[in-house]
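Engineer: Going line by line, the protein sequences match chains A and B. With the working numbering as the guide, the letters of the first sequence map in order to residues 1 to 136. With the working numbering as the guide, the letters of the second sequence map in order to residues 1001 to 1136.
No lab work stands behind these hints: they were computed from the structure. In this text, a Cβ means the ideal position worked out from N, Cα and C, and glycines have one as well. Errors might be hidden in some of the hints.
Sample of chain A residues lacking proximity to chain B, with all beta carbon distances greater than 10 angstroms (derived) [as the list claims (entries may be wrong)]: (1) D16; (2) E38; (3) Q100; (4) E103; (5) V110.
Below, simulated EDC-like cross-link-like pairs (lysine to aspartate or glutamate); rule was C-alpha separation at most 16 angstroms, straight line [said to hold, decoys possible]: (6) K1002(B) / D97(A); (7) K2(A) / E1081(B); (8) K1060(B) / D1021(B); (9) K1134(B) / D83(A); (10) K1002(B) / E81(A); (11) K1028(B) / E1047(B); (12) K2(A) / D128(A); (13) K133(A) / D1083(B); (14) K1127(B) / D83(A); (15) K2(A) / D1083(B); (16) K2(A) / D97(A); (17) K127(A) / E1081(B); (18) K1060(B) / E1081(B); (19) K134(A) / D1083(B); (20) K1127(B) / E1081(B); (21) K127(A) / E1121(B); (22) K60(A) / E81(A); (23) K1127(B) / E81(A); (24) K1002(B) / D1128(B); (25) K1028(B) / E1121(B); (26) K28(A) / D111(A); (27) K28(A) / D56(A); (28) K1127(B) / D97(A); (29) K1002(B) / D1097(B); (30) K1060(B) / D1083(B); (31) K1133(B) / D83(A); (32) K60(A) / D21(A); (33) K127(A) / D97(A); (34) K127(A) / D1083(B); (35) K60(A) / D83(A).
There are 2 protein chains.
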Amino acid sequence: MKGLHIIADLYHCSRDKADGDLLTSAAKLRSLCAGACEAAGLTVLGEHFYQFGGADATLKGGTTGTVVLAESHLAIHTWPERDCATLDVYVCNYTADNSQRAEALYQTLVDALGPGAIQVERIWRGKDPAMTKKVA
Amino acid sequence: MKGLHIIADLYHCSRDKADGDLLTSAAKLRSLCAGACEAAGLTVLGEHFYQFGGADATLKGGTTGTVVLAESHLAIHTWPERDCATLDVYVCNYTADNSQRAEALYQTLVDALGPGAIQVERIWRGKDPAMTKKVA
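Start from the sequences, fold in the hints, and give me the full structure.
Structural biologist: In structure tokens form, the structure reads like this:
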């Protein structure tokens, strides 16, 4: 279960890129995420993406989804009305060090979403169970 | 996108409880997670769970899954050979403060898995976009 979890909040995402509707299209976001996982050398086991409706008829809704990986998961949620998205990439190192794959996946998604500001944290998860204190 | 993300690594999970095979049954884990989300007042939009095979014929494999919520997501991965699991509960506060719902969901899952030790971190995600620095 040891592995890298990248937790990022993306602000001021670009809406004038070729894929500027990534924030409002579950189909495009699903395609991007699945392709980016595979390009990074990670194994997609399944996924679920959902398209929200807009707050009114003039607004497009956000999207939300997760990809279940053999190496753990990717989760992404968008808020088009604020040009924001949250991104989680967690990969465990069960059979190999997947940290570089996590970083590659993260960078691909950041490049696609084009944020103007990012709040990101990297957490190294998991200890050797023998190093944890077992409560009676 | 503001909201609470509970990140927990669970060690020494109990295998002698009534649901001691939660670590090795995707079906049971899926049922637990979906029910716990709904009991906590969260809205399940979809999910995907996967059953791993064991390393050899004498071992049961772990399970992994995510639940896509209207409020964000739940992700869980198990390592039965180490009696461990990782757990992520992230709920945003788009229309209401869902922190207590996140805590209730987290507690239900911890109670079901019965860990002897927990490494947990609570991250408050999201800022007002106006408070972030937009890079030109």
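Engineer: Compare the structure with each hint and give your call.
Structural biologist: Status of each hint after checking the structure:
no., hint, in the structure
1, D16, "holds (14 angstroms)"
2, E38, "holds (16 angstroms)"
3, Q100, "holds (20 angstroms)"
4, E103, "holds (19 angstroms)"
5, V110, "holds (12 angstroms)"
6, K1002(B) / D97(A), "violated (32 angstroms)"
7, K2(A) / E1081(B), "holds (14 angstroms)"
8, K1060(B) / D1021(B), "holds (9 angstroms)"
9, K1134(B) / D83(A), "holds (12 angstroms)"
10, K1002(B) / E81(A), "holds (14 angstroms)"
11, K1028(B) / E1047(B), "holds (14 angstroms)"
12, K2(A) / D128(A), "holds (8 angstroms)"
13, K133(A) / D1083(B), "holds (14 angstroms)"
14, K1127(B) / D83(A), "holds (12 angstroms)"
15, K2(A) / D1083(B), "holds (14 angstroms)"
16, K2(A) / D97(A), "holds (9 angstroms)"
17, K127(A) / E1081(B), "holds (14 angstroms)"
18, K1060(B) / E1081(B), "holds (8 angstroms)"
19, K134(A) / D1083(B), "holds (12 angstroms)"
20, K1127(B) / E1081(B), "violated (40 angstroms)"
21, K127(A) / E1121(B), "holds (14 angstroms)"
22, K60(A) / E81(A), "holds (8 angstroms)"
23, K1127(B) / E81(A), "holds (14 angstroms)"
24, K1002(B) / D1128(B), "holds (8 angstroms)"
25, K1028(B) / E1121(B), "violated (26 angstroms)"
26, K28(A) / D111(A), "holds (15 angstroms)"
27, K28(A) / D56(A), "violated (22 angstroms)"
28, K1127(B) / D97(A), "violated (32 angstroms)"
29, K1002(B) / D1097(B), "holds (9 angstroms)"
30, K1060(B) / D1083(B), "holds (12 angstroms)"
31, K1133(B) / D83(A), "holds (14 angstroms)"
32, K60(A) / D21(A), "holds (9 angstroms)"
33, K127(A) / D97(A), "holds (15 angstroms)"
34, K127(A) / D1083(B), "holds (12 angstroms)"
35, K60(A) / D83(A), "holds (12 angstroms)"
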